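Undergrad: Residues per chain, in single letters:
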Amino acid sequence: MKTLLLALSSLVATTLFAADSPPVGAAAPDFSLPDASGKAQSLSQYKGKYVVLEWFNPECPFVKKHYGGGNMQKLQREYTDKGVVWLTIDSNAPGYEGNLSPEQAQKVMKDWNTKQTALLLDPEGKAGRIYNARNTPHMFVINPEGKIIYEGAIDSKASPNPADIPSSTNYVKVALDESMSGKPVSNANTRPYGCSVKYK
Amino acid sequence: MTAQGQIYQGKQLVQADALANVDAVVPGEPFLVGVRLKMQPHWHTYWKYPGDAGIPTDIKWELPEGWRVGGIQWPIPLKLQEPGDIQIYGYHDAVLLIQQVAPAKNSTNSTVKLSAKVNWLVCEKICIPGDAVLTLSLPSAATNSPANTDLFTRFQKQLPGSPAANFSASWKSDAAGLVLNVTQLELAKFPSVDFFPSPPENVAVGHPRLESHEGANYTFRIPLDNAKQNFKSLPGLIVFGSATDAPDRNAWEVSIGSEMVASNENSTARDVLRFLVFGFIGGFILNLMPCVLPVISLKIFGFVQQAGQSRARIFRSGLAFIAGIFAWFLGLALVLVIIKSAGGQPVWAAQFTNPYFVLFMSTIVFVFALNLFGVFEINLPQWLSRRAVAAEGSVHGDAGSFFQGVFATVLATPCTAPFLGTALGFAFTQSATVILLMFGSIALGMSAPYFLLSAQPAWLKFLPKPGPWMVRVKQLMGFLLIATLLFLLSVLGAQRGVASLIWTCAFLLVLSVACWMKGAFLTPLASAKTRGLVLLLMLLLTIGGGYYFIGDKFQSAAAVANPTASGGGWEKFTPERLASELQQGHSVFIDFTAEWCITCKFNESTVLETAAVQAAFSERQIVKLKADWTNGDPAITKLLKQFGRPGVPLYVLYPGGTAQPFVFPELLTKNTVLEKLETINRTVASQ
Chain G
1 MKTLLLALSS LVATTLFAAD SPPVGAAAPD FSLPDASGKA QSLSQYKGKY VVLEWFNPEC
61 PFVKKHYGGG NMQKLQREYT DKGVVWLTID SNAPGYEGNL SPEQAQKVMK DWNTKQTALL
121 LDPEGKAGRI YNARNTPHMF VINPEGKIIY EGAIDSKASP NPADIPSSTN YVKVALDESM
181 SGKPVSNANT RPYGCSVKYK
Chain P
1 MTAQGQIYQG KQLVQADALA NVDAVVPGEP FLVGVRLKMQ PHWHTYWKYP GDAGIPTDIK
61 WELPEGWRVG GIQWPIPLKL QEPGDIQIYG YHDAVLLIQQ VAPAKNSTNS TVKLSAKVNW
121 LVCEKICIPG DAVLTLSLPS AATNSPANTD LFTRFQKQLP GSPAANFSAS WKSDAAGLVL
181 NVTQLELAKF PSVDFFPSPP ENVAVGHPRL ESHEGANYTF RIPLDNAKQN FKSLPGLIVF
241 GSATDAPDRN AWEVSIGSEM VASNENSTAR DVLRFLVFGF IGGFILNLMP CVLPVISLKI
301 FGFVQQAGQS RARIFRSGLA FIAGIFAWFL GLALVLVIIK SAGGQPVWAA QFTNPYFVLF
361 MSTIVFVFAL NLFGVFEINL PQWLSRRAVA AEGSVHGDAG SFFQGVFATV LATPCTAPFL
421 GTALGFAFTQ SATVILLMFG SIALGMSAPY FLLSAQPAWL KFLPKPGPWM VRVKQLMGFL
481 LIATLLFLLS VLGAQRGVAS LIWTCAFLLV LSVACWMKGA FLTPLASAKT RGLVLLLMLL
541 LTIGGGYYFI GDKFQSAAAV ANPTASGGGW EKFTPERLAS ELQQGHSVFI DFTAEWCITC
601 KFNESTVLET AAVQAAFSER QIVKLKADWT NGDPAITKLL KQFGRPGVPL YVLYPGGTAQ
661 PFVFPELLTK NTVLEKLETI NRTVASQ
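As you go down the protein sequences, you meet chains G and P in turn.
Residue 20 in the working numbering sits at position 20 of the first sequence, and the numbers go up by one each step.
Residue 570 in the working numbering sits at position 570 of the second sequence, and the numbers go up by one each step.
These aren't lab readings, by the way, just hints derived from the structure by calculation.
This one's a predicted model, so the numbers in the text were calculated from it and none came from an experiment.
You can trust all of the hints, since none of them are fake.
No more than 25 angstroms apart at the CA atoms, straight line, and that leaves these computed lysine to aspartate or glutamate pairs for DMTMM-like:
#, chain 1, residue 1, chain 2, residue 2
1, P, Lys60, P, Asp17
2, G, Lys64, P, Asp131
3, G, Lys157, P, Asp58
4, G, Lys64, P, Glu201
From chain P, some residues computed to sit far from chain G (all C-beta separations above 12 angstroms):
#, residue
5, Gln15
6, Glu62
7, Ser137
8, Ala165
The beta-carbon is built from N, C-alpha and C at its ideal position, and this holds for glycine as well.
Chain P with its partners taken away, still in its complex shape (with noise of 0.2 angstroms):
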């Protein structure tokens, strides 16, 4: 259907008309409808931002009840400028605007009508306001078939896409505006790469700037007019091809992240120092969070062991409980920077969803549960404590301390507390010194009580004398151990199914049988013989039961592919489904949670999974997306690090139509997720 356009000197402007990507309607079966705009050469329409003058062109689908559309899909515009440095965003000779129609699952009617009412504007020296009522009548079938499909697959080739892999987006800003940082590989290969803005309605940008550019790294500023404004970002397009309006031109959308990342080369001393002082409070807190707690009665009960000791010794196991912290922060720095530097995403407690890493820490949670228990002791190979007597000094007791540190920090990582989610968000846009030191900042955070502590051993005075107790409070150790080591399992189980728990159960069975022997005939009064049988029976326990029930069964165990039953009207995150949701208009509510994530757990019980929560998204029809992250699903790993988080938890709303993501704090309240719910049009689902 062609509807007449504006005449202006003899000349059609602009020729309308509406098209379907299919012959026919199928109740329930979505499609695309577009509508196309045909303009006299020189003449443009304008894009979903206008730029400096114009406006974009609005469309209004009317269609039969219960059907629903979603926004308009903007192809790639061109950037045109005009005298008077007056810079505008739209379309010469044609474009498609196309839209994603659902057609109601009982509709009835054997021809559908659907119409459009489209106002544009069209400008050339002069803007000429033009409007058409477009009809679309299309057939209603069990089946149907494509139509119009060049067309069609013209203007999507046009489209944006999402950044392809290793793109990284950070915003910075100042007294004049915005700063954007963006590095992608493919981008050094073109010569022309640019930013689109696409600001929200009503709000004024400058001229977006290329400001430096050095391989595939650029950087844009954004002037801001309205300094009030506290933008800390904006959507747009990064624009990328053998020039500005090459039709060759590809673009990435730039989504918006709610918390500002300062970038590398940008980032100033003063914002380096405050994401010190957050990595410092936030490991700080590392010794708080529920994964540490069994951890940090271990250390408490070193303390009390250490109590009796002189003030050096205190003194000097304290610093070797902190070298062993420094050592496992600053190693896993090593090897973030090392991983970083080979193109790839480390990320945040990333160790957790390999099911080897939690394995292993299995074992070693069980091991020292048997330790406590009283199963067998740890002694030091001879010629080591042979070298500590000389040294005068207690190795053993240093080293002990020196892995208590390293074997805290392992089971603290998987503790995103709030402030090292922002510090670690900013550290791994950051260069190898600003990671190491980044990390330095959250062990010192981590050590500091213990570095109080083993210096002022006055204070250790208000811990209880050691005594025969202290056995029994040992062996209540070992329980904790268990705790968490159950905690482990079921993360296991998340991840690899019941068959891999029964195996690694068998394996720990093994192993704890190898560990009697220990305890039970390799004494320091045994014979060289012994010794040397119990030595090697031990090893074949180990090696064989490994080789066996790990190797083997543990590994033939498949992944689970849907590690959580999404019970409670939660549906599985994936970034199509995320995307038709936006598309359609809806609002969409995110948990990016983990089954090893005790915070996510703890939100989702204390607020996510209440009744009032739950009856403020059903009556807003928000759509719940529960985003997995156990196995470290990559594609959820890649929103994470849009929204520059390293990790779980991640709560995001996005309140539907082109609105911004708003993103929760860590720890919610249901407070916090109810106001920011009242916020949300109860219209826009039912539009």
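If we strip away everything but chain G, and leave its shape as in the complex, we get (with noise of 0.2 angstroms):
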């Protein structure tokens, strides 16, 4: 009896503190958000391939630290060229740094000529609070199957310094080439790093 009870209690533990992100093997939970040009995206539509999600605030220096020279864009086009979908969502609140309107969202795409799928605009926070989006860049990989196979840091470097990047294993990049490649995420979930989301 108190074996049972225990198990009961620690399943509703499980439930209550899920406040976490999404376990990495847990189907990824669906969204639905308007990009830059006001088009809605969800993520049900992409059903069947990779996705990546990628949390973002133009004005944090950990992001800067990624569209600065180009990495991130790099990476956006390396994976999009191969059937990855890949969607920037910006969950800061209005009022906040970081909040875009969609002409701000679309000055930013072509001002860092950035290679993403879609950026979604989510001031509501409804997405980040689903996923527990804690940080920019907060990183989730999605794969064709709808599962999480990856959660956390862009790479393996917690600083805002450019020059750290070079010498850093990109954790989503590997992810992916891992994944595509039939082998399982050798490293499923790290702890994200950046500026927090500025939710309302």
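Combine the two chains into a complex, taking the hints into account.
TA: Shown next as structure tokens:
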């Protein structure tokens, strides 16, 4: 009886404390958001493809670290060329740093020459909260079956210094390469680093 | 020296400078340096574990050749909440990040220049990285005086400390993450008790949450994002005060035992069952431990004696022996429960840290040996024998078996067999019922072979037939007991020095005369008058000898302060020593040992003191500390408890830096030690 109670309570606890990101291996929760051109984009429409989710804030030094030298754009181009869907999401609330109007979003994409499939605007923080995205950049990789196969940092060196990029391991790249060649993802969960997402 | 931090909207967000707590450098004398970050109101920099966002401040000191610098001593951070359930750990207003610097012994320059490259991230609504190169010039001198005392004191007061006495922390893990249970009476006084985790780099943890709280007992749940990573515990801080962020806060560092020690309330029936099984196996193994070996031969001898008797009697003797084992263990459990409820810290084999207990054991072993040599016979009081005859059984034999059982187990206690260690570590965090069950299962394990042999006496036929040779065997057994006595005396010598040994032997001599008198004159045929006189003389000898040699001479033989000479590059363990070595970034190996612990001696001679292992230690510049528990040093007891161990042996390797300590199994092999040492970065020691 006691064992049963304990099992039940730990089950309840598991659901209660699911305030964390949906765990690696779980089905990626669906969402629908407008992109910079006003078109609705949902996760479910890309079922059957690899999807990368990237939380974004153009003012954040950690985001600038990866866009300033073209590192993120290179990654986006490399994988979108391979058929990967790359969704950049801005979940920063209006009035906070990094919040983008559709026009500002288009301007950032043009100025920075970004290569993602779409930049989604999430000023209410809907998608951000479902995924418990805490940082910019905070990365998720979803496989064609719709399961999360990677969650965490963009790479292995938690710093705002672009000089660290060449010597760090890009976890998103590793996860995509491994999964695409049929291997399990060796490092499926890391501690994301960056600025906090500015929720309302 | 103040460096310019980043400017944002016309304000300098962070002012950074470097300071020392002395006005001059004395070669070879360590001092403290601090990097102070002064932030604009509402802006914060980060703790070593930043939480959901941010990065910790990074400091790289550039020091002259041969100098060393320790890790950053992080003050207790604030727990800050941001919208969207984002939780971070950082500092507002100002922080001083202190590090210890050890200058070279032969530093010759008249002025030394130290410089630090500092990187930080400062955030309010937005985050801005900043960096600075700070310099600090100090004259070199033969003496120095303190400097910046107020500032250093202010921030040293905010450093977390080690837990108060009787603090206990235990970890449990389940599918959702980790559960931490902490207890310390003081904690009941504080309205706010929290846990700040500091997981290893790159490990993401969820927000710790106070799950339940009852008096001084707090249970936290820490969700782990990565179920695959098999973490059993996390280092962190227990932060307590009048409110979460109150200035009066204090914190204790929760160090991590590598073993998972399940806690009282949360232990499932399965955990208890597993530990009961360990207890049983451990109890069984006690029969094979070196310090029980002489007694085992005694017991085998007992079976030989019984082999000629009736089956029922053999079984009864067996049961009596088993009852003896149970009586001892359950008695011990009761004492443990009583001490536990009185707030003491009972520790396994702690009896052997008490010289009077060792003395008592020596006396018993010696008297037993004399008995085996045939100096005297043990006969029960007449009323008892008479009743025994009336009961048609041999109470003599049963009572003898009972006490043999007690005796065998008393001798077994200092050898914590590998399984037993884990099981007992668990038992100490448990309720009285579980402790009793636990010790019951140890007793069951120890008595299992005797139960089988006495229930199936057919197997006893494999033992030789009784005969006159038994007298010789009995005498031979006496010598084994004398060997046991030598071991006990060596423990006493280590505890109290040579003088105490002399007085103990003198007491044993007087006692042996008393025993001889009993054998020679106290025969059943002796007249009542002779009997009374001899008894009186015996009593006088024993009490007088005890009073003079033990009460007076032995008592005044002072405890040996440093029981073992630390040869072979081993240095004496103190908590301060450990802390300072770790602060300087050294790798440290600790050998928890005691004179009376045979497993420890065995491990030392076959593994730790071998050339290969010694070479590996010195090659990697690992600091070797010996924690000698012969006299029950309370500082060592506390550390043992932190590792969930009730006694020695315990072998711990601190790899250096902030890496978690590694705990070796109780029985070492050269391979396990060498393999682990391989993983120590050779450059750690020279960074």
